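Chains A and B are the protein sequences, given in the same order. If you count by the working numbering, then the first sequence holds residues 73 to 430, one letter each, in order. If you count by the working numbering, then the second sequence holds residues 106 to 548, one letter each, in order.
Derived by calculation from the structure, the hints in this document are not laboratory data. From a predicted model like this one, the values you see are computed outputs, not experimental measurements. We treat Cβ as the ideally placed atom computed from N, Cα and C, and that holds for glycine.
Some chain B residues close to chain A (C-beta under 8 Å, calculated; not the full set):
id: 1; residue: Val144
id: 2; residue: Tyr218
id: 3; residue: Glu417
From the structure, some residues in chain A lie toward chain B, with a derived Cβ separation under 7 Å:
id: 4; residue: Ala123
id: 5; residue: Ser231
id: 6; residue: Ser232
id: 7; residue: Thr326
id: 8; residue: Glu328
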Amino acid sequence: MLYREAGQFKSTYAQDQQIFPIRQDRIAIGLLLVFAFVVVPLIGDQYWLGALITPFLIFALAALGLNILTGYAGQLSLGTAAFMAVGAFMTYNFVLRLPWLGIIPSMILAGLCAAAVGIVFGLPSLRIKGFYLAVATLACQFFVLWALQRFGWFTNYSSSGVITAQQIVIFGVRFDTPAEKYLFTLAIVVVMALAAKNLMRSETGRAFMAVRDMDVAASVVGIPMMQTKLLAFAISSFYCGVAGALHAFCYLGTVEPEAYTLDLSFRILFMIIIGGVGSILGSFLGAAFITLFPIFLNIASGWLSHGFGVEISHATISNLELIIFGGLIIFFLIAEPNGLARLWQITKEKLRLWPFPH
Amino acid sequence: MKRSTLAIGALALAAVAGPALNPAAAQNEQFIPANFYWVGPYAPGGSGFGGGMIDYFAMLNERDGGINGVKLTWEKCETEYRNDRGVECYERSKKKGPTGATVVHPLSTGITYSLIEKATADKIPVISMGYGRTDAADGRVFPYIFPLITTYWSQNTAKIKFIGMKEGGMDKLKGKKIVNIYHDSAYGKETIPVLDVQAKKYGFQITHIAVPHPGNEQQSQWLQVRQIRPDWVILRGWGVMNPTALKAAAKVGFPRTKIVGVWWSGAEEDVIPAGDAAKGYIAAGFNLPGTSFPVMQEVLKHVYKKGKGDLEDNARIGSIYHTRGIVAGIITTEAIRNAQSRFGKGKPMTGEQVRWGIENLNIDEKRLKELGATGLMQPLRVSCMDHEGGGAVKFLQWDGRKWTVITDWIAADQSIVRPMIEASAAQYAKEKSITPRDCSKEK
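Model the full structure from these sequences, guided by the hints.
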């Protein structure tokens, strides 16, 4: 009843082309942003901000990066964690070696480094597709970690190969507490998500989707294959690189190259599969599901044993958590193969008809 | 679809209502988080160590009613040996109990690294007993981090001393070849610089060979060992890498009596899967296995006889990881006892107070006897300057069925280790603009 676009007339092209054409959506997004920027830091404690919401945002950004490449441009990649590692380690090096640069330019430069690596390892995509491309991007995953571990320059010759992220200072303002780091992360994620949303509505985005749907047809209508594919790799890697920088600087603080193993690449791939391939919202939903749900299960099992006095051995609970999580992934994929984002879309369509469906 | 949205809503509701289910925490309790790992490739280490620590706490609660009447409480949290889950567990546990988390044992070098700054800001001491960041032994720069008993670097100098003893004197090391086979992670790489320094000092040749995580494929590494023909191999493994290394050594015919392992390569779980290939293998240890120690008998009597033990498999009682957990329990509770003697007996202590307790900990032979832990661990004396405290290790040899002790406590060579620690800590202090504390002003 409330969610209905009847009576909202578009009289200019600008109105017709805005990101959220329905007024209720605009209001909802506005409220969500106010909530995220004002209410969450006020009511969230350190645990919520530092251990749950900040990593969720960071992984959502990484998933968004992968979604641009896999979901929109149709190039399967398993190198996400490697791009994150490049972002994290290069930001550290830029801040260390060029301290006058400041943290934001360092992160952008690190993102560009990740983009460069992405372009190099994206070259095989010009010849191979699908699973074969995924295997080719595996090379990136192993090469980057190998380089970070072998060349001391990347870690400033630390004996254990670990880097400790420097303090985040912007124009004399320090970002120390979890709430401040959360706001910093949120600001970057919001800007980049908005940019991604717009990019996908532009000519570039349409070219990506054309390549995804059928690359022969796309090249016939005049979309340059090499440029489009490599651009997709570059943009995607840039997003992942910035996510990696945030992961090191706003979340863990100290990172070793082993934090960015293939395991993490797979987790991010699962995020977009569960959240919705080719959807900005899906990246966020998938990241929330993969990062927060296991923790929720873990805490819930604790209540079970507290609240009902059921004594279950901890090892059983830990294993059960993985089993339930795996089961739910299968359930969601069967119930809605297009991901959680599609579920949301269906809900929206139903809401428009509610309470009088045909 | 409707039904599943309903289910999600119900889950969300449960998330909001859930905390209300928790019983109100009693005031006279001391909370210590048990953030270990019970699943995954490193579960034997996590469950054994965690089980030992919890068993010791349970024994104190049963026998003495806690520490001066303050009951010990704990809560398990699964870290899966993963840094992000470790941080999540830490954040979750730090506000529990009347005084919050008192001491954290991360039981992972990676998680320790991630917690250094967070715990220092939250004033919660981190005990990384036999692992973690070596230069944290300089307590002036790292007030809240305690790599107690012995660090990787100390242990390594003891290992070279042991090899020297076997060769008939340190001067005999000249021209010898030693290979360092290490787990390719922050943990594995930690000892490379100290080995290089010693190689220069004693004139032996050192080759570092990395084994990628998790280490279940080592054929090429051991072929390399065969080409080098070293006199000794130092095994710096973890988890499944250890039995694989021993089996690979047997395959290329390298004598296992010439392989010296770090203490994370020296538990029953590391050698039994290798079967006969492990016979004769030597490993360092800062705690000894067995159930003959009086403190182990107390644990058996008060905890396991009543069916309250934490280990599910009784055969693991008294294993290396289990007694290592007992040692962790002893150190933790002694630190709390020490803090109580200064800040008020019979009261729960805050993290800050326990920090003082650890820094001024002095477990001498007499106290070890009272605890029933003579021989289980070495005497420990911590100070503001020295957050390590002990530094000595014993060497154990696997005879195919059990570990036998083959040396007395071998002290580390602090003349090598300490300057390196101080230099490294000073560099960290400079990077982080920390002003080191003045230890003469600490009370």
